[in-house]
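The listed protein sequences derive, respectively, from chains A, B and C. Using our numbering, you'd call the opening residue of the first sequence number 1 and step up by one each time. Using our numbering, you'd call the opening residue of the second sequence number 165 and step up by one each time. Using our numbering, you'd call the opening residue of the third sequence number 721 and step up by one each time.
Fair warning: there could be bad hints in the mix.
To be verified - PhoX-like cross-link-like pairs, simulated, lysine-lysine; straight-line CA separation at most 20 Å:
#, chain 1, residue 1, chain 2, residue 2
1, B, K368, B, K720
2, B, K323, B, K249
3, B, K665, C, K728
4, A, K15, C, K733
5, B, K251, B, K320
6, C, K731, B, K488
7, A, K117, A, K85
8, B, K643, B, K567
9, B, K665, C, K731
10, A, K47, A, K65
11, C, K731, A, K15
12, C, K733, B, K488
No lab work stands behind these hints: they were computed from the structure. All values derive from a computational prediction rather than experimental measurement.
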Amino acid sequence: MRWDFIDEYEAWALKISLGLVLVFFVAVIGIAVLKGIDVPTCVTDFKPFDKGELVQIGPREYQLKLLGRMWAFQPNEVVVPVGSKVTIYTTSIDVQHGFEIEGKAVNLMTIPGAVNKAEVVFNRPGEYRFVCNEFCGIGHQSMYGVIKVLPEAEYEKWKQEHGM
Amino acid sequence: MKIERYLRNITFWHMMIGILSMATGVTYGLFQVLARAGIYDYGIFTYGTKLYYQGLTLHGVLNAIVFTTFFIVGFLYIVTEVSLKRKLNRGLVYLSFWTMVVGTLLAAWAIFTNRATVLYTFYPPLQAHPAFYIGATLLIVGSWIAILNTVITHLKWRKENPGKLTPPPMVAVHATYAVWFLATLGVAIEVLFFLIPWSMGWVKSINPELARTLFWWFGHPLVYFWLLPAYLAWYFLLPRIAGGKLYSEPMARVVFIMFILFSLPVGTHHQFSDPGISNTWKAVQAFLTFMVAVPSLLTAFNLAASLEYAGRVRGGNGLFGWIKTLPWRDYRFAGMVGPMIVFIFGGISGIVNASYNVNQVVHNTSWIPGHFHMTVGTASAMTFLTLSYILMEKLFGKRPWSKKLATLHAYLWVVGVLIFAWGMMQLGRAGIPRRTHLGLSPYMNLEEKILMGIAAVGGVLMFTSFLIYFINFLVTVFKKPDVSEAEIEKVDLEFTDAYHKENENLPRYLDNFTIWLAIAVFLLIVTYGPIFYDVFRSTYAVPNAFSPFNPLNLIK
Amino acid sequence: MMENRDLKDFKPKGAVAFFIAMILMYAVMWFSIYALLIISRGG
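Make a model of the complete structure from these sequences and hints.
See below:
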């Protein structure tokens, strides 16, 4: 293999280009491995479901089975206390949808015949809007919901009001 | 070398069908940006299409599939005959053309009659009329016939010129078609084995995740099918137009070879958010996507050096003195360097999209159309419109009716698309989804509506720019030639000279396409094998088929 | 159009400067979205 057809400026540009993309790659894999900021992966231990619900599985720990269906998420309103860790599973009973929590960089394709999963921690109280971001028919633009993260006291009050 | 009249006419019709498709597609682009900004909704003035999503399907298919495929096939015919100095097979040219036309008419009928409002990615279980899928297949098969024709012509040239290096523009043609052919295998499998049987009702179930994975095997190399003909023009026509030479010919060849290698095993960066694919293989394809960014970075350097060379020849000195002396008023220069400048921002937004977990911030948001209107929408589309002027002059001796207008609409488009892309990308950072009729959606806040308004201003400027082009081009088509018939015969497509030229001691392996194709196929199998294994073991077929208009399953 | 296009031993210094500026701009733009990811996932 001879490389003399590349002059030194081009060789230099090649090294800088490789260097740039390698810096990006190390930065990206770094936070995936060290801080667990990752992309969805294969889920083989959870079957597609056809009923969406929020289930408490521990103090400050919830499992949200989120169902995508033509033109409304089920459930489309979720209330949890501050500091909760929510494991979200998504699937769809009809066409492809996209589940995206704004401001949380949670983005799960919601596909019939497949289950997607993400773990999200809500340390800051507030309302987190989630929307469908994959075209699913003429009602697609109205398909959204909200996750309400309440401070401790408010959450207790909310639970009484809703007889939980 | 004389290009026969039949090929001049048929190349004209490839170009004309593409430009008429784009004229329609760009009009729907205007309706979309107005509808998303809540300024004007689909209604009586939108040629009977009553629906944002039908217009969006037309916008995507007519611009990104019909305009690009027809224009590229026509342009590459001329490059092949001029650079190889050999005749293409006339029968195959007609066969390819008519197959593509029939396919396009079938698909267009389905979309215009609102039977295929499934967008240009046509993800199942949303189902379109079979005519849509059959039309798309015929368009692809038609382009395969053009590839066959090009390969046959090249092999004949090879036999008559043993040991001679393939002319660089031809390397770009082969790279474009190699990437396109290996890419279309994915969507051909999806459509022939799954979508047509399913939409005809012969098969009662479909695995949506499998269909998506097959589509995106095709979906990303499709992007390089759009980009490489623009690179061909930038590398081999622009330096001469600018008054200089291409800085390094061997590096141009290396860049096109890198595209053959790395264009295919990267489609999964469109599926980082998908279920059913392990994040290990997503990371592998993220790495390979970074590798395919390198030839584009090398192109930026090689072309910057070529423009510097031209600027110096024209008397520019000092570190950046060469920029002032470049022919910015020349419509051919404006029409290629304008898109190059926009493509700088298209490039980095593309690298963000491909950056594994960083993709989670922007996936399926307005950031993505912000990105690709700078890449296919400007780098490819605008370069092709500039090439349409150049081809009208080379093939029919007709210079543009107004060179000033041609330069004006080039820069107007650059301004428009940068405003549009900025607005859309800010919306994307706020998490606002793409492909969504925001004018009707209840979840837009005031700040987001303003951002969409800014994007709409950019969109209107883009539409105005295209309108100026369209008028200028039509008048050019119908005006009398500026030179006599005899002179047209002599007019050749002047490919550029080079500062670092290729010579006989260029290593032979750089001209052996079989090696690079073999490695590309190997990489495709090695990276996509495990991905399909994941999809098969963790996703399922479902008995679903839905029209986008009602939530009732068409399969009982 | 000037026909003599030949420059002796041309050094693309301007292109090198442009390329460095572009690479730096790329890094700034990329890390701003990278930071947005880390902040969003932070909680």
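Status of each hint after checking the structure:
no.: 1; hint: B:K368 to B:K720; result: 9 Å, holds
no.: 2; hint: B:K323 to B:K249; result: 14 Å, holds
no.: 3; hint: B:K665 to C:K728; result: 14 Å, holds
no.: 4; hint: A:K15 to C:K733; result: 17 Å, holds
no.: 5; hint: B:K251 to B:K320; result: 10 Å, holds
no.: 6; hint: C:K731 to B:K488; result: 18 Å, holds
no.: 7; hint: A:K117 to A:K85; result: 13 Å, holds
no.: 8; hint: B:K643 to B:K567; result: 14 Å, holds
no.: 9; hint: B:K665 to C:K731; result: 15 Å, holds
no.: 10; hint: A:K47 to A:K65; result: 11 Å, holds
no.: 11; hint: C:K731 to A:K15; result: 18 Å, holds
no.: 12; hint: C:K733 to B:K488; result: 16 Å, holds
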